[in-house]
Each structure stands twice: as C-alpha cells, then as structure tokens.
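A.B. asks: Chains as they are written, first to last, in my numbering: chain A, 1 to 243; chain B, 1 to 236; chain C, 1 to 232.
Please keep in mind that the hints were generated in silico from the structure rather than gathered at the bench. Among the hints, a few may not be true.
Residues from chain C shown here face chain A by an in silico Cβ test under 8 Å; the list is partial [to be verified]:
{"#": "1", "residue": "Asn91"}
{"#": "2", "residue": "Tyr93"}
{"#": "3", "residue": "Arg136"}
{"#": "4", "residue": "Leu229"}
List time: in silico DSBU-like cross-link candidates among lysine-lysine, alpha-carbon distance up to 30 Å [what the hints assert, rightly or not]:
{"#": "5", "chain 1": "A", "residue 1": "Lys107", "chain 2": "A", "residue 2": "Lys68"}
{"#": "6", "chain 1": "A", "residue 1": "Lys68", "chain 2": "A", "residue 2": "Lys129"}
{"#": "7", "chain 1": "B", "residue 1": "Lys123", "chain 2": "C", "residue 2": "Lys225"}
{"#": "8", "chain 1": "A", "residue 1": "Lys177", "chain 2": "C", "residue 2": "Lys232"}
{"#": "9", "chain 1": "A", "residue 1": "Lys177", "chain 2": "A", "residue 2": "Lys26"}
{"#": "10", "chain 1": "C", "residue 1": "Lys232", "chain 2": "B", "residue 2": "Lys123"}
{"#": "11", "chain 1": "A", "residue 1": "Lys107", "chain 2": "A", "residue 2": "Lys129"}
{"#": "12", "chain 1": "A", "residue 1": "Lys68", "chain 2": "A", "residue 2": "Lys177"}
{"#": "13", "chain 1": "C", "residue 1": "Lys53", "chain 2": "B", "residue 2": "Lys53"}
{"#": "14", "chain 1": "A", "residue 1": "Lys55", "chain 2": "A", "residue 2": "Lys177"}
{"#": "15", "chain 1": "A", "residue 1": "Lys55", "chain 2": "A", "residue 2": "Lys129"}
{"#": "16", "chain 1": "A", "residue 1": "Lys107", "chain 2": "A", "residue 2": "Lys55"}
{"#": "17", "chain 1": "A", "residue 1": "Lys177", "chain 2": "C", "residue 2": "Lys225"}
{"#": "18", "chain 1": "A", "residue 1": "Lys177", "chain 2": "A", "residue 2": "Lys154"}
{"#": "19", "chain 1": "A", "residue 1": "Lys26", "chain 2": "A", "residue 2": "Lys55"}
{"#": "20", "chain 1": "C", "residue 1": "Lys53", "chain 2": "A", "residue 2": "Lys129"}
{"#": "21", "chain 1": "C", "residue 1": "Lys232", "chain 2": "A", "residue 2": "Lys154"}
All C-beta atoms in this analysis are idealised placements derived from N, C-alpha and C, irrespective of residue type, glycine included.
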Amino acid sequence: MIEFQNVSKWFGALQVLRDVNATVAKGTTTVLCGPSGSGKSTLIRTVNRLEPIQKGQITLSGRDIYAKDIDVNVLRSGIGFVFQQFNLFPHLSVVENVMLPLLRIRKQSRAQARPAAMQMLERVGLAEKANSLPADISGGQSQRVAIARSLILKPEVLVLDEPTSALDPEMVGEVLKLLRELSADGITMMCVTHEMGFAREVADRIWFLRNGTLTFDAEPTEFFSDDAHQDVRNFLSVVRKNH
Amino acid sequence: MLEIIQEYWLLLLIGEYPHGKLGGLAMTLIISFVSLIVTFPCAVLIALARTGKPGIVQSIANGFVHSVRAIPLLMLIFWAYFAVPMIIGFPIDAAFTLIVAIVIYQTAYLGEIIAAGITGLPKGQREAAAALGLGYIPTMFRIILPQAIFNVIPGIVNQLTTIIKESSLGSIIAVSELSYVMLQVNSNEVTKPLQIFGILAAVYFVLCFALSQATNWLERRISSRRTGQVVVEAVA
Amino acid sequence: MGYQFDFGKVLQGEYLELILEGLQATMVVFVFSWVIGLVLAVVLTVIRAVEFKPTQFLVAAFVEYHRNVPMLIQLFVWYFGFAVVLPDAVNDYLNDLGAEIGYAIVALALNKAAYMSEDFRSGLRSIHPAQMEAARSIGLTYLGAMCWVILPQAWRLALPALLGQTLILFKGTSLAAAIGVAELSYQARYIEEQSFRIFEAYGIATAIYMLISFAIMWLSSILSKRYELRVK
C-alpha cells in the first residue's frame, strides 16, 4: 500500500532520514516508535508531502506520490492526517470542522454535508458536542473530532503523529479506544506513538527508528521479545521504567 | 528644497527668538516634554483609581477616561483656548492652553497604559507585600508602581511620539510650533508648497521614527529583564 | 464673570442648520474614508504577504510614513502640496466641486489604510503556522486554505484593533476643519465667532461627538465579544 524506497531527507546540512526502506501493507496498522529526534514524525509527514524528500521514492497504492500527474491536493484528500496538537479550526464549530472538507473539496451543499458529518461524529462518540466550539471541549474530545475530520473524505490511509502525546493521562484512553476500533475495522494506519501497550495490542508491525535509520521492523511478538535488536531492548527498558 | 532649508532653518528651529517668541521645532519639543511631564503624575493617579477598589473614586476616573476618549483632541483644544483664560481670569499664551488640552487628553490614555502595567504584574507581588504587612500606599509606591512603570517605559516613549504629533494641532490656534511656522513660510513662498510640507513631514518623520525605534529597542530590553506585561500601546 | 447660558439661540434657525450641515459633512468624510481605507488596507496586506522584497518595502514605507507624520500634516501635504502638482484647470474644477472634502477623504483614507493593514498583518502573524498545515493536509489548495481557514481567523483577531481605528478615524474627521471642510468642529468655531456663545456652540458639538463616539464604543464591545476567537 505504502512503499518507502531509499528515502532520505536533509534539513540543510543535517540528515534526518537515512535510506529508509519499508512497506505498509493494505489494511494493516503500523506503529512507529523511537527516541526523540529519531525521524519518526518526519517520516510519516513525508507520506502526504508535508515534508519533501531529497532522495528516494514513496509510492501510495502503486503510484509515486511525486509523479508529475499527481495533484498534491488530491493526494492529501486521500490521506487522513491527525496532528499531535489536534489543529482544529477555532472559528468553526465541531460539526463545521468535520463538514469543511465536504463543503470545500467535494463541493457538497450544507444539506448533504451536515448529515454525513453528524454520522461521523456519532462514530467517534461526540454527536452531542456538534455545535460546541473547539475552545469549549476537552483535549481528548478535540482529538476525536480531529480524527473524524480526517476520515470524512474516506481516505485510503490514516496517518497519526503522536495523537495522544498532548493529552492529559485520563483522556488518552478514549482516543486509543477509538484508534483500536478503527484498526479493527480494517483501515490502513500509520501511527507514531509512545504508547507501547497500544502498539503491542493493535499493531501488525512495529518500526523502530533511531537517528533517521529504520533500525528494526518486526511483528509485536518479536519486537517485545529478547530476540529484538539491542537498541529496541534499550529503548523499551527506559520506556517501561517511566511508565 | 535645499534653498528653503538654507533660508529658513533658523526660523524652523527656534522661531523668531530672540526678536519674538520662541517657536519652531524648539517650541514643539518644549510643549511635548512639558505635556508629558505634567501628564505623568495625573496619569498615575488615574491608573491607581482604575485599578483600585470600586467606589466613587473609581467611577469618576472611569467616567473621565471614557469621556475624554469620546472627544476629538481638537475640541478639547478649542475648549481650553477659551475656557482657561476665562477660568483663571486673565489672558494666557495659546501655548499654555495647548499644553492643558494635551495633558487632559493624554492623562486618559497614559493612565490606561499605566493601569495595564499595574494589572500586568503577577498577583503575587501584591500578595507578598500584604504578607509583609505593608499598607496600600507603601505597597503601591515602593513595590507595584516602580515595576509597573518600568514595564511601561516603551509605552511612555510611544505616547511621547503621539504627543509630538498632537502638538502640530497648535498651528490651528496660532501657537508658534513647527507646523505653524511652516504655514507662515508657505504663505511667504506661495509657489513651493510641496517642498515646504515635504520638509515638514520629513522633520516629524525623522523625530517620530527615531523614537519608535527606541521604543522597540526598549521593549526588547525590558521584556528580557522583567516579569509581567510590557505595555507598548494604549488599548483601543 | 457673569456668563449667561443661552442654548436656545444656538439650537435654532440658521445656527441649527449649520450644526446639522457640519454633522452631515463629518459623517460623509467618516464613512467614505472608512470604506476606502478598509478596502485599501486589505489590498496592502495582500501585497505585503507576497514574498517580493521591493513591493514589501514600498508597503512598509507607506505604513511608516503614515504612522510617523502627524495626521494634520498629512492633510496639509495633500491639500497644499498635491494641488500644485495638478494643472490649473483641474484645480479650478475641483475647487468648484468642493475639493477640500475630497482631499480630506483621501488623506484620512490612506492614513487609516496604513494603520488597518498593520492590524491585519498582526492578526495574520498571530495565527499558528500549524493551522495552514492542517488546512493543506485535508487537501485544500493554498487559496482555499487562506479563504476558509486563515483569513476568517485573521479578521476576527484583527477586529478589536480595527474597531479602535474606527473610533480614531471618527475623531480625526475634526482635523478636516484645518483645510476648510465645513464639518462639525468647523461649524462650532464659526458659530462661536459669530454669536460669542462659546460654551453653547462648543458644548453642543462636543455632545454630538460624544454621543456618536459612545455609540461606536458600544458597538465595538458587542462586535468584539461576538466574534472573539478563542484558541484555547
């Protein structure tokens, strides 16, 4: 579904991604983890071209995302992206946030868009907050609205950049629950997270990045076993200590 | 343009002194600085009234500020021009009435700025002073105001810039400041208004631009050294 | 002292007419300057947003000129200075039409455009860059993102400052008296000179200014609250 071939990226003189080669299979959930600055966020941001790459190739459903005949906006509407800081639009209500892509990209009328948006809000459990403003709902609720907004155009793949890192601990659960359900529904998902419990339960594959290199790519059983790469075992022991 | 400057530069700088009254740029600067200096204590009082306990005093201060902000400065100048001589009983130089008008007008705005400086300080300052047993006056004058005023120095310099621009209204009541002198030069020269008013604009520009750069520099220096809100502009 | 108040004299007949004419002139200058200034401010903000150093510099220079030169002097530059640039025939034609009010509107409009464009710019700058990222991530084009996400936030953020400029503009119309526009303060001074009724003439003009200013201030506080942008 998504293929990274020899992907490299530099920020000026600093190389942040080194020759990444990996594949995300359709319908699977891939979790990316690793220490700060390892390039995991940068890597997923290359999928919808938020971060350009200088070397290598990325294909989505067999098409090179940098091909000349690809419209970047069409590409992006086919990818659902969820940010760590939610990034809801503060001037619009919850339901209007979810309606925006339908109104402005699919050019639907309000009469068409509203029911679809309400349905999506029900899916994430926030129908009763439809007319609230983002400033008046909690972090966990905001992130669920953000997920609803990212799914409204029925994208092929859902990409999440540390979706629970900005949330108070008691709200992390409600977001992870939703992500578990989405994963079970069969959507193709790439998720950067520190939530190792979630990774173990839900991921089909876990990628470990360090210094811009994809050091280890394995199924959860192997990832959490003693056969894993030394870097992974070091990382996990630190993470376990702090949890 | 250079000939005009060459011929009239002394007039522009100090007016007709010593053959007549002091005028020109010197007058503009004197009016501006005197206005600021007289405004300052009045503005502090207004700020204290507005940030203090609710009551008669605060209501009067609020009423004063809202009323003054609802009147154009020009109207205030007309009032001062006529009412001040009447009130004090003898005729007075127009420059003095201009200063009175500017002081009243700016007391409202500068008062607003200082009030913002006071409320921008962390609440802990007042609490710490109270815990030490200090009364209202020592708290205000030794702890709150020194910090608040330091924080609003950029705002004060900004108001000075505004006052310099406002002094140009003196030309309407024949105060011999820079603009009035230029108007006289214009009626003398007749055929070169673009150069004359160009020079006038340029003088104010240089003066005010330099002050606004100073304001920016002060804001940066103070922000890095103090806690609390650094205030630069009067809230609308 | 012995001053006899006589409001009746001022509030009737030809004096009342002059006051009303003055008020009308004030409102004409105010409304035209405001509309032209606002439209021009939007144009200036757009020009400045384009990453082209020469035009950005020109807009910045325009703004700095209008912020550092007194409003009165800006009026003089237009009324005295610009008139020389035009050929005599045009000047005579304009003067018959009542050129002073035109120059007043031009000067005030340009001045307000400078201040308002700064307010818009500051509104734009206070929007977090992640908003643009989020907007592009759902597939909006740059223009679409500006239209539906960025600009709606920018004007809401700039609103309090813009309303403040509106009040300043209204009070600034009084300066048009200096170039002979027969607006409210000009009429007040004229009536005072004719009738020697200082307190009545200026009192009524002041009361009218205060009434309209308070109305603007009241409207401003309602609009600011209604369109306040809370970013959490």
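A.B. asks: Quick one: which hint numbers does this structure break? Sort them smallest to largest.
C.D. replies: Hint check: 1, 2, 6, 12, 13, 14, 15, 16, 17 and 20 fail, others pass.
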